[in-house]
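A.B. asks: Model the placement of chain B on the given structure of chain A, informed by the hints.
In order, the protein sequence lines correspond to chains A and B.
Numbering-wise (the numbering used here), the first sequence opens with residue 329 and increments by one.
Numbering-wise (the numbering used here), the second sequence opens with residue 129 and increments by one.
Because the hints were derived from the structure by calculation, they are not lab data.
Think of the CB as a built atom: it goes at the ideal place given N, C-alpha and C, for glycine as much as any other residue.
There's no promise every hint is true.
[Stated by the list, open to error] A few chain A positions that, by computed beta-carbon distances, are all more than 12 Å from chain B: (1) V337; (2) Q521; (3) L619; (4) L748.
[Said to hold, decoys possible] Just some of the chain B residues that point at chain A, by a computed CB distance under 8 Å: (5) I203; (6) T206; (7) G210; (8) V216; (9) A218; (10) L220; (11) G223; (12) G231; (13) A232; (14) D237; (15) I241.
[What the hints assert, rightly or not] Calculated from the model, a selection of chain B residues having no Cβ within reach of chain A, i.e. all distances over 10 Å: (16) L161; (17) M189; (18) T198; (19) V212; (20) I227; (21) L267.
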Amino acid sequence: MSDLAPLLVALPVFGSVVALLAGLARDRVGWAVAVLTLVVQTAVAGTLMADVLGSEAIRYVVGGFTVPIGIELVVDGLSATIALLVAVVSLGVLAYARRAGPRSNAFYVIYLLLVAGLSGMSITGDIFNMYVFLEITGLTAYALVASGDGGRSAIAGLKYLLVGTVGASLFLLGIGFAYIATGTLNMGDLATQLAEVGYGSPLVLAAFGLLVVGLFVKIAVFPLHTWQPAAYAGAPDSVSAFISALVSTVAAYALIRIVFTVFGTEFLAATPLASTVLAAGAVVSIVVGSLLAVSQSELKRMLAYSSVSQFGLIVGAVAVGNVVALTGAAIHLVGHAIMKGGLFLAVGLVNDVTGARTVDEYAGLAKRSPVGAAAFSVLAVAMVGVPPAVGFVGKWYIALGAVEAGAWPLVVVIFASTLLTLAYFARVVERIYFRDSTETSGLAPTATDGGEDDAPEPVVSVGMRATVVAAAVVAVALGAVAAGYGDLLEPTIEGLLS
Amino acid sequence: MSADPVEEPQAPYVESPIIMTTVRVITPFVFTLGLFVMFHGADSSGGGFQGGVIVGTVVLMLGIAFGIETTRDWIGTTIPVGLVGLGVVAFLLAGIGSILLGGAFLQYDVYPIYHAAKYGMEFVELAIGLIVAGVVTGLFFVIASETTDDKEVDQ
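For reference, chain A alone in the conformation it holds in the complex (with noise of 0.2 Å):
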């Protein structure tokens, strides 16, 4: 069954051609195709997910090589959670995308291979081979960004090229120094010769911190993050919800592959400096990126910069680095990017049937478009991490791990992002349901949600409010599953502590 871990690459990516092809033949195919090949994907993920968890990692090496010189892909817990969250993420926003667009065939090609990008990414035990995806989920992702009509989405999508290119090529001069260093690409050949190299070697370190700061780029860590919210506020809202739900994720899995997998527990140990700065950095994203984010007044740049802060979260399990929070990151990482994406699909859903993009506009939105704005509430309150919902049993488990570790000063920061969290959602679900609204034309006083059947095509699809709904249910319905996930991700996070 081993094969399938090579297919998780090469289906989208053939998925992608068929769509180019079949675009020359016929306009508007590509979204079938993307469908097909992306459920495909799906079960691919999920039979790997299922071999995988709880039990032995997968690992393949392309093309029958033997491990230090060919490429390996492993696939373990963590790897096989991110390959099926980029699966069935990337198949929900085409419900939506369907009816919202972009419908260009273009678009679908570029999609199929950002998911390839994704996929590759999540499951390559190799560190150029994790450069080359990273390279292949930047351009697209870039791509799409601009892929909006006018000059916003494109100004923003040459934005994230400039600074994206930055963080890819620090990794890449980050990689050389490793290879320099050890004269090995693969992941877990790179680990022990590091150790043998000496942890206090000037090439080890410039490689660790070069690459931890070209990761920071794509995550969007506080100070450079500047790509991020032009990027998400300029995108289509299927494309803003597709990135914020899966790019920066996959990136910040990257880090924890790389500070774990191939420097490891003991580096961390011999280097405090290096703890330090994820620690600061971590801090920092999240005080920042919640300040920001309250003074927002456009709904799409105040979900961009809660991910800022959100993503400090994760920055700071990897820098406390033991099985809870690390357990912990793994499960917000995956419940972000639900919660998240749903966000922006609301936020896009809720503008097409009003026009509301301000936080201000959604005054009174509850008598407007209830679907929306009910499922925007939902997630708001999973993210802010109430009981049932999974942005809680996240957090939870971050917190636990940092008390654990007596990393105090992120314990307290960690809470505080909660109350922080609360104030930049709290303003708006309040004016959704306690407010009326200001203007009483609105855009069109028949476009409510369902109430449309008379038009030639409705603005909002059963298939977007569905999508938006799905999501809502999912984040409250996964944590219930979520503690139980951790137990079986255990052996996993274990193994790449010891």
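C.D. replies: Relative to the frame of chain A, chain B by itself:
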């Protein structure tokens, strides 16, 4: 942003007999060089990326010599897109075929041909060359159309 009425004067296409003759003479050689470089992907310096760019420049030279619009009409949009698609499909088939024959993904030596590892790699390099040539050609036309006219590019 630039609502400037005075636009930069566009350099018009010059029908130069020198350029046209030169391009006509060297095109076959450049094309052959491209294939030569592509076929040296497995065991010497060369490969699909370099070779593909060289083959792509053939179209660029034709465009400069005979006019970009003329060349675009002559080649059409289908051929570059088709080349890219064909290249990726060939690459994937080489990889998945070896799984079907019982090996790992892209394990060439399970193919029952002479020097399978070498010729398998050559085959993949040729596929990469097709992709690169197609992308270079396509990018050239897209960029050229943005500067020479304001027509919407829908590819």
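A.B. asks: Hint by hint, say whether it matches the structure.
C.D. replies: We went through each hint and held it up to the structure:
no., hint, in the structure
1, V337, "9 Å, violated"
2, Q521, "24 Å, holds"
3, L619, "32 Å, holds"
4, L748, "37 Å, holds"
5, I203, "14 Å, violated"
6, T206, "6 Å, holds"
7, G210, "7 Å, holds"
8, V216, "4 Å, holds"
9, A218, "10 Å, violated"
10, L220, "5 Å, holds"
11, G223, "6 Å, holds"
12, G231, "6 Å, holds"
13, A232, "4 Å, holds"
14, D237, "7 Å, holds"
15, I241, "16 Å, violated"
16, L161, "27 Å, holds"
17, M189, "26 Å, holds"
18, T198, "22 Å, holds"
19, V212, "7 Å, violated"
20, I227, "5 Å, violated"
21, L267, "13 Å, holds"
Consistency note: the structure conflicts with the earlier hints numbered 1, 5, 9, 15, 19 and 20.
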